[in-house]
Amino acid sequence: GESVGLHLPTLSVQEGDNSIINCAYSNSASDYFIWYKQESGKGPQFIIDIRSNMDKRQGQRVTVLLNKTVKHLSLQIAATQPGDSAVYFCAETPSGGKLIFGQGTELSVKP
Amino acid sequence: DAGVTQSPTHLIKTRGQQVTLRCSPKSGHDTVSWYQQALGQGPQFIFQYYEEEERQRGNFPDRFSGHQFPNYSSELNVNALLLGDSALYLCASSGKAGWNEKLFFGSGTQLSVL
Chain A
1 GESVGLHLPT LSVQEGDNSI INCAYSNSAS DYFIWYKQES GKGPQFIIDI
51 RSNMDKRQGQ RVTVLLNKTV KHLSLQIAAT QPGDSAVYFC AETPSGGKLI
101 FGQGTELSVK P
Chain B
1 DAGVTQSPTH LIKTRGQQVT LRCSPKSGHD TVSWYQQALG QGPQFIFQYY
51 EEEERQRGNF PDRFSGHQFP NYSSELNVNA LLLGDSALYL CASSGKAGWN
101 EKLFFGSGTQ LSVL
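Same order as they appear, the protein sequences are chains A and B.
Everything in the first sequence is counted per our numbering, starting at 1 for the first residue and increasing by one.
Everything in the second sequence is counted per our numbering, starting at 1 for the first residue and increasing by one.
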């Protein structure tokens, strides 16, 4: 399948610290990218998106960076809170096609 | 404003049986997509419905079929269930802004095949 990996990478941070979650996407033709947050027992929740004509976009406490040269996407969360603990997925869309999800990273916030 | 709603939340079936999952999109949305999420993995695209027709399809066998109704709600049908079909099935909706932009997901149906 297009989403691979049985073992989720894990990032553990202290409450109040900044978190950086990385994602390598697969298709150089992708022109739209989204970060989703998924809590246990829930569906993915939209966090922030970015188009390929941008390299940075900021939201409330979150920033997404896009590096098309190396096909890399990152999500920065400022002042991480216990409520940020979840699995984070990046997703890409090759020119209006289906949304392809990455592997996911589990973020654990220690109080 | 209700978000995306799915039913049932949990379902247990045996191999060979058939199952139907249901989804109501977020108010104002007209496009419904279905995803399968295996444990520990990201969601995988099954298919998308718009104007009551299948618009795109992922790499899933014909055992997986769907339908969209005039009120934009949708059903996912899986025939001849296999053990490997056990997963969380997610429905997502989007509006006319773009087929896959800002998908809103439901909480999913957890299907267990025994």
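Heads up, a few of these hints could be off.
Said to hold, decoys possible - In silico contact screen, one side only, chain A against chain B (beta carbon under 7 Å); selected entries:
1) Y25
2) K42
3) G43
4) P44
5) L65
6) F89
7) P94
8) K98
9) F101
10) G102
In short, the hints are calculated from the structure, not lab data.
Heads up, the beta-carbon is just placed ideally off N, CA and C, and yes, glycines get one too.
Each hint, compared with the structure:
1. Y25: Cβ of A/Y25 sits 12 Å from chain B, so the hint is violated.
2. K42: holds, 5 Å
3. G43: With Cβ-Cβ at 3 Å, under 7 Å, it holds.
4. P44: This hint holds: A/P44 lies near chain B, its Cβ roughly 5 Å from the closest one there, short of 7 Å.
5. L65: violated, 19 Å
6. F89: Interface hint status for A/F89: holds (5 Å vs cutoff 7 Å).
7. P94: violated, 10 Å
8. K98: Cβ of A/K98 sits 4 Å from chain B, so the hint holds.
9. F101: holds, 3 Å
10. G102: Status holds, d = 6 Å.
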